[in-house]
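S.K.: Each chain, letter by letter, is given below.
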Amino acid sequence: MAGMNELANRLKELEDQLVICNRCGMCQSVCPLYEQTRKESDVARGKLALLDGLSKNLFTDPDGVDKRLNNCLLCGSCAANCPSGVSVLEIFIKARAIIAEFKGLSPAKRLIFKKMLANPATFDRLTEWAGKFQGLFTKSEKNAQGTSCARLVSPLLHDRHLLPMANKPFHKTRASVDTRTGRSGLRVAFFTGCIIDKMFPRIANDLLDVLEYHGVGTWIPGGQGCCGIPALASGDRATFEKLVEYHVDLFDSQKYDYLVTACATCTSTIKKLWPSIYGGKASGTREKIRQLSERTLDINQFLVNKVGLHDMGTGVDADGEAVTYHDPCHLKKSLGVFKEPRQLIQASGKNLVEMEGSDKCCGMGGSFNLYHYDVSSKIGTIKQKNIADTGCKTVSTGCPACMVQISDMLAKGGLNIRVRHPLELYAEFLRNQKLIT
Amino acid sequence: MKKVIDQLVKAVGRENVFTEKEDMLTYSYDAAVLDSVVPGVAVMPENSEQLGQIVKVCAENKTPMTVRGSGTNLSGGTIPSGASGVVVLTGKLNKILEINEADMYAVVQSGVVTATLAAAVEKKGLFYPPDPGSQAVSTLGGNVAENAGGLRGLKYGVTKDYVMGVSFFDAMGEYVKSGSRTVKCATGYNLTGLMVGSEGTLGVIDEIILKLIPLPKARKSMVTVFKTIEQASEAVAAIIAARIVPATLEILDNFTIRAVEAYSHAGLPIDAGALLLIEVDGHPGQVEDEGAAVEELCKKLGAESIKVAADDAERDKIWAARRSALSALARLKPTLVLEDATVPRSKIPAMVSAIQEIAAKYKIEIGTFGHAGDGNLHPTILTDKRNKEEWHRVESAIEELFDRALSMGGTLSGEHGTGLAKAPFLEKEIGHSSILFSRRLRKAMDPDSILNPGKITGVI
Ligand SMILES: Cc1cc2nc3c(=O)[nH]c(=O)nc-3n(C[C@H](O)[C@H](O)[C@H](O)COP(=O)(O)OP(=O)(O)OC[C@H]3O[C@@H](n4cnc5c(N)ncnc54)[C@H](O)[C@@H]3O)c2cc1C
Ligand code: SF4
Ligand code: SF4
Numbered sequence: 001m002a003g004m005n006e007l008a009n010r011l012k013e014l015e016d017q018l019v020i021c022n023r024c025g026m027c028q029s030v031c032p033l034y035e036q037t038r039k040e041s042d043v044a045r046g047k048l049a050l051l052d053g054l055s056k057n058l059f060t061d062p063d064g065v066d067k068r069l070n071n072c073l074l075c076g077s078c079a080a081n082c083p084s085g086v087s088v089l090e091i092f093i094k095a096r097a098i099i100a101e102f103k104g105l106s107p108a109k110r111l112i113f114k115k116m117l118a119n120p121a122t123f124d125r126l127t128e129w130a131g132k133f134q135g136l137f138t139k140s141e142k143n144a145q146g147t148s149c150a151r152l153v154s155p156l157l158h159d160r161h162l163l164p165m166a167n168k169p170f171h172k173t174r175a176s177v178d179t180r181t182g183r184s185g186l187r188v189a190f191f192t193g194c195i196i197d198k199m200f201p202r203i204a205n206d207l208l209d210v211l212e213y214h215g216v217g218t219w220i221p222g223g224q225g226c227c228g229i230p231a232l233a234s235g236d237r238a239t240f241e242k243l244v245e246y247h248v249d250l251f252d253s254q255k256y257d258y259l260v261t262a263c264a265t266c267t268s269t270i271k272k273l274w275p276s277i278y279g280g281k282a283s284g285t286r287e288k289i290r291q292l293s294e295r296t297l298d299i300n301q302f303l304v305n306k307v308g309l310h311d312m313g314t315g316v317d318a319d320g321e322a323v324t325y326h327d328p329c330h331l332k333k334s335l336g337v338f339k340e341p342r343q344l345i346q347a348s349g350k351n352l353v354e355m356e357g358s359d360k361c362c363g364m365g366g367s368f369n370l371y372h373y374d375v376s377s378k379i380g381t382i383k384q385k386n387i388a389d390t391g392c393k394t395v396s397t398g399c400p401a402c403m404v405q406i407s408d409m410l411a412k413g414g415l416n417i418r419v420r421h422p423l424e425l426y427a428e429f430l431r432n433q434k435l436i437t
Numbered sequence: 001m002k003k004v005i006d007q008l009v010k011a012v013g014r015e016n017v018f019t020e021k022e023d024m025l026t027y028s029y030d031a032a033v034l035d036s037v038v039p040g041v042a043v044m045p046e047n048s049e050q051l052g053q054i055v056k057v058c059a060e061n062k063t064p065m066t067v068r069g070s071g072t073n074l075s076g077g078t079i080p081s082g083a084s085g086v087v088v089l090t091g092k093l094n095k096i097l098e099i100n101e102a103d104m105y106a107v108v109q110s111g112v113v114t115a116t117l118a119a120a121v122e123k124k125g126l127f128y129p130p131d132p133g134s135q136a137v138s139t140l141g142g143n144v145a146e147n148a149g150g151l152r153g154l155k156y157g158v159t160k161d162y163v164m165g166v167s168f169f170d171a172m173g174e175y176v177k178s179g180s181r182t183v184k185c186a187t188g189y190n191l192t193g194l195m196v197g198s199e200g201t202l203g204v205i206d207e208i209i210l211k212l213i214p215l216p217k218a219r220k221s222m223v224t225v226f227k228t229i230e231q232a233s234e235a236v237a238a239i240i241a242a243r244i245v246p247a248t249l250e251i252l253d254n255f256t257i258r259a260v261e262a263y264s265h266a267g268l269p270i271d272a273g274a275l276l277l278i279e280v281d282g283h284p285g286q287v288e289d290e291g292a293a294v295e296e297l298c299k300k301l302g303a304e305s306i307k308v309a310a311d312d313a314e315r316d317k318i319w320a321a322r323r324s325a326l327s328a329l330a331r332l333k334p335t336l337v338l339e340d341a342t343v344p345r346s347k348i349p350a351m352v353s354a355i356q357e358i359a360a361k362y363k364i365e366i367g368t369f370g371h372a373g374d375g376n377l378h379p380t381i382l383t384d385k386r387n388k389e390e391w392h393r394v395e396s397a398i399e400e401l402f403d404r405a406l407s408m409g410g411t412l413s414g415e416h417g418t419g420l421a422k423a424p425f426l427e428k429e430i431g432h433s434s435i436l437f438s439r440r441l442r443k444a445m446d447p448d449s450i451l452n453p454g455k456i457t458g459v460i
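Those sequence lines, one after another, are chains A and B.
In terms of full-length UniProt numbering, the first sequence opens at residue 1 and continues consecutively.
In terms of full-length UniProt numbering, the second sequence opens at residue 1 and continues consecutively.
Hints in this document: simulated from the structure, not taken from any laboratory.
We put the beta carbon where it would ideally sit given N, CA and C, even for glycine.
Check before you lean on any hint, since a few could be wrong.
[Claimed, not checked] Okay, derived cross-link-like pairs now, SDA-like style, lysine to any residue, Cα gap no bigger than 25 Å in a straight line:
no., chain 1, residue 1, chain 2, residue 2
1, A, K67, B, G13
2, B, K124, A, A388
3, B, K124, A, T390
[Stated by the list, open to error] Restraint-style ranges between C-beta atoms, simulated for each label pair:
no., chain 1, residue 1, chain 2, residue 2, range
4, A, M4, B, A83, 16 to 26 Å
5, A, R183, B, T228, 50 to 60 Å
6, B, I270, A, E287, 26 to 36 Å
7, A, G391, B, E288, 51 to 61 Å
8, B, S84, A, K103, 56 to 66 Å
[Stated by the list, open to error] Which stretches of chain A does chain B cover? Using the computed rule of at least three CB atoms under 8 Å from a CB of chain B, they are:
no., stretch
9, 12–24
10, 33–40
11, 73–87
12, 323–334
Okay, chain B solo, but in the shape it has when bound (with noise of 0.2 Å):
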C-alpha cells in the first residue's frame, strides 16, 4: 500500500490524499444498509489529468479502485474492497464546462451535483429532466454509473435517456471517448450504453454529454387523496388506462404521509390512507385538459378530495415533501431499508397487495411509496438491525419481494442499482448465462479486476 500512496502524492499532491484512520472510516459506508468496510487510502483529483493518473497507479499496482460521488446510492456500490482498496473522490470535479443552447446539450465534469445543473440549465429555459429524490446532493457521474431514475421518470425516462456521451479511463487508465455531440449517433459499439449503469465496474466516468429539452411551459401539481392504497393505486392504473402521461405520479401511503407530514408541515393529510401527487406539464391548453381529466378520474375512482398547487411556492413544498419520503421514514426506526421492486404498471396494485400480505406474514412494518407511474415501488421496511430475530424476518421479507416483483414480470431493481446488495439475486432475474456473459465483458475490459470489485456480478 505503501508504494501506492507514494505514487499518489506525487499524481495529485500531498494534500488530496487521505490515509489517516479516521477520514478512512468516513469513506466505508454509503446510503445502503451494508456492513462498513474501510479502504486504505482516499484521493480527490483536481482535474480529468489527475483522475487518469490515479487509475494508470492502480493498474500498474494491479490495486482495486472505487470511484465515490456523494456516497448516496442505495446498493452498496461505493463501499470499499477493503485495505487494500482506493477510494476515489470526485467532489472537486465540478465544473459545468459547457451549456449549449443551440444544440441543447451540457457537457459536465462527473462530480457536479445533479440540482446545480438542472438549476443552471433552467435559467436558460431548457430542462434536464432526471430528478433522482437525492438530487440535491448526488452527483451526475453517480447518476449514470447507477443510471438514477427519478419522480420525472414516467413522461420523462431516467439519466440513459438522456446521455448522448461520456468519456473515461479504462482499466488501463487510457482515455475513452464514447457518443457524440448529436442527437443521432450510430457509429460504432454503443459504449456510452454500456457505461451507464456500469456502476463503476467498467471504466471510471470523467466527462459527461447530456442531452437537455425545452423546459415545459407549464405545470400544474396536484395532491389527491385517497381512503385506501387499493382505490389510490387502481387511480394510477386507470390514468396509465386512459392514455394521459403525467410528468409525476407518485404514491404515498398513510405510513409514509404521516413521516413526512412531521418533517415538512407541508400540510398533507395524515388520516389519508394514500395520496397520489401528480403534475402534469407541456403547453398551457394541453396542462389545463390532462389537469382536468386526471382530476375527473381521480373523483370518479372515489378520491376524497384534490387540491391544486396555487403558485411555484406550493409546488416546490410538494415535491420538497416527497423528496423527503426516505429520510423522513428513517426518523421512525433505527434501521430502514428501502427496496426498490419495480412491476409493469398495470400490476401496481397487485404489487401494492403483496407488499401488504408479505408486511403481514412476516409481521414487520413496512411503508410503501414509489413512483408509482413507472411502476417502480419503494416499499421501505422499518426495523432496527440490533435486533437479530427481526433482522432474519426481514431478510426473508427481502427476497420474497424480490420473487414476488419477479414473477409479476418485474425487476429487482427500477433505479437503485445492483452493486452489493442485488449481486447474489441478480442471476435470479437475468439467468445463467446472461451472468456469464456479463463476467466475460467484466474480465475483458478489465483482466486485473481493478474496477469497483464485487459490484453487480459478484466476483468474477
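Isolated chain A (complex conformation) (with noise of 0.2 Å):
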C-alpha cells in the first residue's frame, strides 16, 4: 500500500491538467476506440477518470489502470476536439510514463525499448537480419500494395497483409549525404526515421532527388536511430530521452535552415513531444531542443511553403489521375498541416477527390495495432471503404505508419489501389516530366 501512496503522490504531479476536464463527454464524438466499442474506458474522459481516481488513492492496483490506459491509439483526436483544452495526449504520456517506472516495464519492452532502439546500430543490424529472413516467413502477393501474407500462423501476426522490410534499409545504400545548397539558398537536415529507413527506401530517394531539383542542400547525417515514439508510449521515459540527446547532439553538428521529416509521426513527436516530455538534465539540451522542434518541419510542408511549390507553375488539373487523401492523425490533429499535402498532392497534377471522413484515424496507432488488432482493423475497415468509395486508384498519406495500415486494409480487401507518400506522387509527376531521373 505504501508503493500506492507514492504512485498517488507521482500522479499528483498531473492534477493541474486533469482538473480541466469537466466531464462534458464530447470527446466521445471523434474517439475512432469508442466508435467501434461504446465502452467509456476506453474514451478520453473515461481514462482521465481513471486517472484522476488513481491519484486519489481509490485504487489498490494500477493495473486495470494501467491496462485501460493502454488501450488507446494516441490518435490525439480527443485533445484536438476539447473544447476545455485538456491536453490529453501529455497526460496520457506522462501517466504511462509514471506507472511504467512504478511497475517497471515488462521484460520483453525492456528487451526491445532499452537493448534495441536505444542502440541505432543495433536495431539496424536485427533489422536487417529480419529483412533477409522474411521470405522464409511471408509469402509475397501480386497486389497494388506490395504486402505479403504471413507463411506461417502466428498469433501476433493474425491475418496481416504486411509490407515487406526493404531488401537494404536506406541507410546501407546511402549511409550519409551531404549535397550543396543550390538557387533556393535553403539547406535542410533529413531526420528519416525507422519505417521510413527500413520499409520505405524509396521516400528517402524521392526525397533527396526532388530536394536536388528544387536547388535544396541536404544533409543527412549517419547513424540515426529512432524518434522515441514507440518507447515513450509504452512508459519508457529513459530510453526516450536517451535517444532524445542523441539525436540533438547528431543533429548539432553542421548548419541547416530546417530539419524535415517524411514521417508525420516523427515530426509530431520532435515539434510536440521532445521539448515537452523532455525532462533530463544534460546541460543545455533543453535549449537545444526548442531550437531543433522551431525547425522542424514537414516534408510537405517545407516544400509548399519554403520552396513555394504551388507558385512553380504546376497546379490544380482536373484532368490528372482522380487521387484521395489520407489525413495522418500526427500531420492534422496534432501539427494543423491538411493543406499542404494536398497541395503537394494537386502540384503533381493529380485530381484531388476527397472521401468522406479524411481525417478519421486509419486505426494503426503504433504498437496499438500490434495488441488490438481487432479492433485496430474494424477501424481500418472504415477508412477502407471510405477509400474505395471515392473509386480512386491511389490513395495517398503522409505517413509511413498510415501506409502500412491501410495497405494492410486494401490488401485484405482484395482491392486494386496503390498506396503513396505525397512526395512520391509529386517525384513521380518531375520524373514523367524528364525533369528527374
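Join the two chains, each given in its own frame, into one complex according to the hints.
M.R.: See below:
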C-alpha cells in the first residue's frame, strides 16, 4: 500500500492538467475506439477519470488502470476536439511513464526498448537480419500494395498483409548524405525515421531527388535512430530521453535551415513531445531541443511553403489522375497540417478527390495495432471503405505508419488501389516530365 | 449482487457485462458537478430483447437501475444509486430503424446519437430541429428522457414537440407502446407525454417515433455586436415584440465570448460587451425580409456592427463556436456550474441584471450565455470546488438565482432536467400537492422503486 501512495503522489503532479476536464463528454464524438466499443473507459473522459481515481488512491492496484490507459491509439482526436483544451495526450503519455516506472517494464519491452531502440546500431543490425529472413516467413502477393502474407500462423501476425522490409534499408545505400545548397539558397537536414529507413527507402530517395531538383542542399547524418515515440508510448521515458539527447547532439554538428521529415509521427514527436516530455538533465539540451523543434517541418509543409511549390507552374488539373488523401492524425490533429499535402498532390498534376472522413484515424496507433489487432482492423475497415468509395486508384498519405495500415486494409479487401506518400507522387510527376531521373 | 450479475450474463453474454472496479468508476459520473457514485455492474444490451431481459432481472431482484445514454446530462440523472445498482448502457442500441419521407417521421433506437439522425434526415431534405449543444454526442433516448432543448427552441420548440410515440419497458419489464405514426393521436392516456422528461424514472425507453418537418429552403445567420449586455437583452425583447421569430437567438456575454474565441478562433470580437447570434430561416423571401428587419432593429438599439455569414462554412463556424460555449468556459476555472434558469422572455433584461447583482453580492464570477430567444439563460459559475469557502458562496448564489427566476414567473430548469441537482428545490416551483401527486404516480408505476431512484422527486 505504501507503494500505491507513492504512485498517487507522483500522479498528483498531473492534477492541474486533470482538473481541466469537466466531463462534458464531447470527446465521445471523435474517438475512433469509442465508436467501436462504446465503452466509457475507452474514451478520453473515462481514462482521465481513471487517472484521477488513481491519483486519489481509489485503487489498490494500478494494473486495471494501466490496461485501460494503454487501450488507446494516441491519435489525439480527443485533444484536438476538446473545447476545454485538456492536454489529453500529454497527460496519457506522462501517466504511462509514471505507471511504467512504478511497475517496471515488462521483460519483452525492456529488451526491445533498452537493448534495441536505444542503440541505433543494434536496431539496424537486427532489422537487417529480419529483412533477410522475412522471405522464409512470408510470401509476397501480386497486388497494388505490394504486401506479403504470413506463411506461418502466428498469434501476433494474424492474417495481416505485411509490407515487406526493404532488401536494403536506406542507410545502407546512402550511409550519409551532404549535398550543396543550390539556387533555393536553402539547406535542410533530414530525419529519416525507422519506417522510412527500413520499409520505404524509396521515399527517402525520392526526397533526395526532389530536393536536388529544387536546389535545396540536404544533409543526412549517418547513425540515426528512432524518434522515441514507441518507447514513450510504452512508458519508457528513460529510453526516450536517451534517444532525444543522442539525436539533438547528432543534428547539432552542422548548419541547416530546417529539419525535415517525411513521417508525420516523427515530425509530431520532435515538434511536440521532445520539448514537452523531455525532463533529462543534460546541460543545454532543453534549449537545443526547443531550437530544433521550432525548425522542424513536415516535408509537405517545407515544399509548399518554403520552396513555394504552388507558385512553380504546376497546379490543379481536373483531368489528372484521381487521387484521394488520408490525413494522418499526427499531421492534422497534432500539427494542424492538412492543406499542404493536398497542395503537393495537386502540384503533382493529380485531381484530388476528398473521401468521407479523411481525417478519421486509420486504426494503426503504433503498437496498438499489434496488441489490439481486432479493433484496429475494425477501425481500418471504415477507412478502407471510404477510400474505395471515392473510386480512386491511388490513396496518398503523409505518414509511413498509416501507409502500412492502409496497405494491409486494402490488400485484405482485394482492392486494386496503390498507397503513396504525396512526396512520391510529386517525384513521379517530375520524373514523367523528365525533370529528374 | 452476484445473483444479479449471473442473471445479467445469462441475458446478454459475458462480453456485455462489466464489473471490474475500473469500469465501474467510469460509470459513476455524468456532466453535472455532483459527487460521483460507483455502481455495482454495468450492462450493454445489443437489442430490444436483451434490454427487456435486463429490466426483468432488475425487477425480480428489486435491484435499482439507471439508464445511461452518453452521460452528458447536467443534472446528475445518470449518477447511479450505489454499489447495489445496475447501469444500463444504450450505446449499442444505435440503429435508425426507419426514415419515412412520405409521412415525415423517423423511428430510432434510443441510443442513436442526435447529430447522426439530424444528418441522415437532412440528406433527404427533412429536418429534425431539436439540437442541444451536445448533439454531437447526446443520444435521442437521453434527449427524450430529459426533454432536451437546444438552440432552435424559440421557433421550433424542444424535444417534446417532436416525439410522436415511444415504446418502453415498464418497471416489471413489460413492453409498453404509446403514441403512433400518425400526426394526430387521441387514444388513451398520453403516455408518450408522460415519458418525455421522465429521466428514466417511469420506464426504460427502447424505440422512439420522431416527427420530421421539411428542411427550410433558406437560412441566414448573423453576429451582432453590442457594447453592453443590457443593450443586447433589450434587443432580444424588441425582436420578439416585433413579432419576428428567428430560428435561433442566442446571447453571449463578454466572458463567454473570450472563452469561446480562445477555443474556436471563429473571429468573434473579444472586446464586445455582448453578442447576439441570430439565424432566420424559411422561404428565401421571408428570410430576406426578416433578416433585414432584425438588422434594422438591432442597429436602432445600438448594435455596433452586424456580420452576416457569407456561406455555409461561415455559418457552421458560428454555430460550432456557440456550441462550444460551455466547455470553453470550463477552461477558465477548475469547476464550472452551468445553471439553467429560465424566465418568460420579456423578463430577459431583468434576469440579466439579477445575475450581475448576484455575482457581485457573492463575489463570484458568473458568465452568461444562452437561448435568449426562449428565455433560457445559462448563468455559468466559474469556481474551484476545492475552495470550500468559495463553494459555500456559490451554493447560496445558486439558490438565489433559482428564487429570482421563480419570482419572475420562471422555472428552475429550461432544459437540463431535475435529476439529483434540482430535486431538493422542486417543491419550491411546483408546490406540495404536485410533489405528492408525482410521488404517487411514480409509486404506482414502479412500486419497488427500481427505476433511477432519487431523481426528480427525491426519495419516495
Ligand atoms: C456541452 C454540453 C451542452 C449541452 N447543451 C444542452 C442544450 O443545449 N440543451 C439541453 O437540453 N441540454 C444540453 N446539455 C445536456 C445534455 O446533453 C442533455 O440533457 C441530453 O439530452 C443528455 O443526453 P444523453 O444521451 O447524454 O443522456 P444521459 O446523460 O445519459 O441521460 C440523461 C437522463 O436520461 C435517462 N435516460 C437516458 N437514456 C434513457 C432511456 N433509453 N430510457 C430511459 N431513460 C433514459 C438517464 O437515466 C438520465 O436520467 C448539454 C450538455 C453538455 C455536456
Ligand atoms: S477531455 Fe475534453 S472533451 Fe473530453 S470530457 Fe474532458 S473536457 Fe470534455
Ligand atoms: S487518443 Fe484517440 S483513441 Fe485515445 S482516447 Fe483520444 S480519441 Fe480515443
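S.K.: Report holds or violated for chain B covering the stretch 12–24 of chain A, Cβ cut-off 8 Å, minimum 3 residues.
M.R.: With 5 residues closer than 8 Å to chain B, the stretch 12–24 of chain A meets the three-residue bar; holds.
S.K.: Holds or violated: 26 to 36 Å for the Cβ distance of I270 of chain B and E287 of chain A?
M.R.: About 33 Å separates the Cβ atoms of I270 of chain B and E287 of chain A, which means 26 to 36 Å holds.
S.K.: Is the gap between the beta carbons of M4 of chain A and A83 of chain B within 16 to 26 Å?
M.R.: Since the Cβ atoms of M4 of chain A and A83 of chain B sit about 21 Å apart, the hinted range of 16 to 26 Å holds.
S.K.: Are the Cα positions of K67 of chain A and G13 of chain B separated by 25 Å at most?
M.R.: Holds - the C-alpha atoms of G13 of chain B and K67 of chain A are around 22 Å apart, at most 25 Å.
S.K.: Given a hint of 50 to 60 Å, does the C-beta separation of R183 of chain A and T228 of chain B actually sit inside it?
M.R.: Holds, since R183 of chain A and T228 of chain B (Cβ atoms, about 59 Å apart) stay within the stated range.
S.K.: Has the stretch 73–87 of chain A got at least three residues whose CB is nearer than 8 Å to a CB belonging to chain B?
M.R.: This one holds; 4 residues, not fewer than the three required, reach chain B with a Cβ under 8 Å.
S.K.: Just tell me: holds or violated, for the beta carbon distance of G391 of chain A and E288 of chain B against 51 to 61 Å?
M.R.: 40 Å Cβ-Cβ, so the 51 to 61 Å window is violated.
S.K.: Taking beta carbons only, do three or more residues of the stretch 33–40 of chain A come closer than 8 Å to chain B?
M.R.: holds (count 3)
S.K.: Tell me if the beta carbons of S84 of chain B and K103 of chain A are separated by a distance inside 56 to 66 Å.
M.R.: 33 Å, violated
S.K.: With a C-beta cutoff of 8 Å, work out whether three or more residues of the stretch 323–334 of chain A approach chain B closely enough for the coverage to hold.
M.R.: violated (count 0)
S.K.: Measure nothing beyond the straight line between the CA atoms of K124 of chain B and T390 of chain A; if it is 25 Å or shorter, mark the hint as holding.
M.R.: Distance of about 21 Å is within 25 Å: holds.
S.K.: Quick one, are K124 of chain B and A388 of chain A close enough, alpha carbons at most 25 Å?
M.R.: Since the Cα atoms of K124 of chain B and A388 of chain A sit roughly 24 Å apart, the hinted pair holds (cutoff 25 Å).
In the structure shown, a violation is registered for the earlier hints numbered 7, 8, 12, in ascending order.
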